[in-house]
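Number of protein chains: 2
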Amino acid sequence: MSSLNISDTELSRLSEKAVALVLEYWASLEKRPAYPATSGMQTLEQFSQPWAEDGMGGAVLDGFPAIAAHARPSTGRFFGYVVGSGEPVGALGEFLAAALNQNVGAWRSAPSAATIEQTVVGWLAEAVGCAGFSGSLCGGGSTANLMALAQAREAKRPANETGASPCIVYTSEQAHMSIAKAVALLGIGRANLRFIPTDDGLRMRSDALEATIAADRKAGRSPIAIVATAGTVNNGAIDPLPDIADIARAHDLWLHVDGAYGGLAALAAPERFRGLDRADSLSLDAHKWLYQPIECGCLLYRDRQVARRTFSHAGDYVKVLAEDPSETFAFFDESLELTRRFRALKLWMSLQYHGRRAFRETIAQDLHHARLLAQLIEAEPELELLAPVSLSAVCFRHRGKDNTAVLKRVNARGRVYLSNATIDGQFALRACFVNHRTTEDDVRTIVSEVIAAAGEVNR
Amino acid sequence: MSSLNISDTELSRLSEKAVALVLEYWASLEKRPAYPATSGMQTLEQFSQPWAEDGMGGAVLDGFPAIAAHARPSTGRFFGYVVGSGEPVGALGEFLAAALNQNVGAWRSAPSAATIEQTVVGWLAEAVGCAGFSGSLCGGGSTANLMALAQAREAKRPANETGASPCIVYTSEQAHMSIAKAVALLGIGRANLRFIPTDDGLRMRSDALEATIAADRKAGRSPIAIVATAGTVNNGAIDPLPDIADIARAHDLWLHVDGAYGGLAALAAPERFRGLDRADSLSLDAHKWLYQPIECGCLLYRDRQVARRTFSHAGDYVKVLAEDPSETFAFFDESLELTRRFRALKLWMSLQYHGRRAFRETIAQDLHHARLLAQLIEAEPELELLAPVSLSAVCFRHRGKDNTAVLKRVNARGRVYLSNATIDGQFALRACFVNHRTTEDDVRTIVSEVIAAAGEVNR
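Keeping their order, the protein sequence lines are chains A and B. Numbering-wise (the numbering used here), the first sequence opens with residue 290 and increments by one. Numbering-wise (the numbering used here), the second sequence opens with residue 290 and increments by one.
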């Protein structure tokens, strides 16, 4: 009998205690500051210790409140970055998934889990107007974008074609940093990523895109892919997808759409996402605008065969001894990871618990909150809106004060948390709404807190 | 108020129900078949349905027993692949982590979680004799190996050095498939991965490695990295690390050790892992030989600056406005992902609940189980051991029957589950021990089940 074994009674006691801690935490969320009062020194002191020879048993749970006290809470008043709200049914789904301990690398190693993942990926595809796309869940946008560009290269410049001209990838100046990271990792070379300028709405300029592709072709280089963004992190801008899709088709380029932040808003506002279904691949983050606990990314793609050519390197020890195609199916043949956790269970549970309407309505509410904040800013003489609000990210500034100082002060006050962006070279305060716990009162608090914080800042 | 909101009472009811289901599942594990009796058709029928407009509420939990019935259970009699046992305290840790919903991309976005991740990474490094290494947790060996080779390229052939000779990477014929996958994804080119032959113990031959490097240098190619394996998936072979480290140093090559399966056994058998501390980078999987729920990989590395040069592409919107270096610390500057989940909490809880001794003893017990199985096989005239047992993976065959048929029959009988390997071109039955629930009786059952299954198979 291993010394790791735990009796059923002790497991029951531990589980009850864990649930009590979590329920208390969830109930406390709206009473917590939007950001914890802590420092690097404090967390080091509190959470650095050696791994002891002897076990401490259930007392380890007593440390949970301190961990929570030094954590960013998913309150409705946290508006930094693009952070979803960690829907509790999804969190219970994570617990059940951990208990089942499935390796969803293939149907064979996790029959129910692999099937459920295929089902929920189908739901996401259908929800954003891309019914029929294949795909898989992954860690998040960075991994999804990396896998998409790997597929683009495989499709347009197969690995066995060597000594050719450099591959060129196009994206906008507002693209997410993960695109540059993916291009570097894939060995395409940072110099071969073109940043296309944007228009007044911070959307990729399709005329500039077309001209840049033409110049590269003329110079003997090999364009392979365009990465459009459906929801930039700065202001939620959606690149002109139909125009870009036309250009991609005309030049035989792979069209990847980075919809990690914005794509799932197509559930509530499909009219803003026309052309999405013309992508070859599409990144979505369910831990953003489907409110799921971190992490739950998704890559959708049109052609499963390209995914297989890109990712299939199976060794004998995972070869499947079956003939039924649903039983030989392996996610690891179409994606980066071999061991894969059961990310789909939280979606399966949370999405069915609430139903599709509740998600559509809550996304619509986030869009409404962003419009409301923009209106409040425009009505407030001390503040200035710095970019159009395309989805739910709002960039603005205080007209009279150093905005870096204002931001630090706002966050230190702890009622709301904002992050920052750079718009036309200018430091901007930024609030993003992807949180089902946010209320209209919380939105109004942003304005009053910024004004109050500015009052505390010397000019 | 969002339609996703749930009352505290309802959340409490749901959580209690989820816990009851999990406790029942854990208590049932040893009564379950080692593999579920299911088919692709059955799982499709059971788990394919559209996403409904209306929510079904708590009834979604009623589906859990069916999901579990069609899942691979983490029973002590599942010996396929390299699958850990999903330690329950770790599973509770996953629940708490999901409830906290931290983005451990940086200290700033998750102060306690980022600090705890640094602490547990330090525990792992120290436990395998690599104290002082930096690192981060990730999805698993595939991602860790990819990140390691990206660092190797950055260290030995920085991205801005273009037009040079091809980069060459060396590994053994027994290397994991993720090495070839990583080399292809990084754009190094599959043709530039050299598979070095192995000796009788299926370990990389250092004389052949040395000769191949010399030949490549002579031909004007640029060797950049050696990937040694500390625990091959087939038979747990550990490449001769001291010799390989000497060669890496002599030729100025990056030494990555893939210890995803075996590395953590250094906790119980450090004498088999001499030279591990000479690696530049090292992959470990805590969801394998630390029994944690899937997934929990780890990449350790000697030089944090190389990691930063490889992965730092930060955009303004995540720039940190602090001066304390522990507060400006960002995992996303040293690894692939930007949004990162709180993987460290399960380690923090499980490792401290049980203490270091319990893990060391349980790993020693797995090593003992493998030796016991090898002895039982050698004592059984119908069976033949096909490879030396270096750690806890045992490859063998039935002397008289078609072993593919025997394997199918063993698994269909449902008392134990084995997987397969290819040893010297021969189809092998394979059992791997990384499960704290396995008993000596379970080990004996492998032999009796193979004999019984062989009796049911026509010659």
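In short, the hints are calculated from the structure, not lab data. These figures come from a predicted structure and were not determined experimentally. Please note: incorrect hints may appear among the correct ones.
Straight-line distance between alpha carbons at most 25 angstroms, and here's what the computed SDA-like set of lysine to any residue pairs gives [what the hints assert, rightly or not]:
| hint | chain 1 | residue 1 | chain 2 | residue 2 |
| --- | --- | --- | --- | --- |
| 1 | B | Lys306 | A | Phe618 |
| 2 | B | Lys697 | A | Leu300 |
| 3 | B | Lys320 | A | Leu300 |
| 4 | B | Lys320 | A | Phe618 |
| 5 | B | Lys697 | A | Phe618 |
| 6 | B | Lys697 | A | Ile295 |
Holds or violated: B:Lys697 to A:Ile295, with C-alpha atoms at most 25 angstroms apart
violated, 33 angstroms
Quickly compare the C-alpha distance for B:Lys320 and A:Phe618 to 25 angstroms and report which way the hint goes.
Distance of about 28 angstroms is beyond 25 angstroms: violated.
Quick one, are B:Lys697 and A:Phe618 close enough, alpha carbons at most 25 angstroms?
Within the cut-off at roughly 18 angstroms; holds.
Within 25 angstroms, alpha carbon to alpha carbon, are B:Lys697 and A:Leu300?
Between B:Lys697 and A:Leu300 the Cα gap is close to 35 angstroms, so the pair fails against 25 angstroms, i.e. violated.
Please verify whether B:Lys320 and A:Leu300 have alpha carbons no more than 25 angstroms apart.
holds, 18 angstroms
Starting from B:Lys306, check that the Cα of A:Phe618 is at most 25 angstroms away, please.
Outside the cut-off at roughly 33 angstroms; violated.
When held up to the earlier numbered hints, the structure conflicts with 1, 2, 4 and 6 and fits the remainder.
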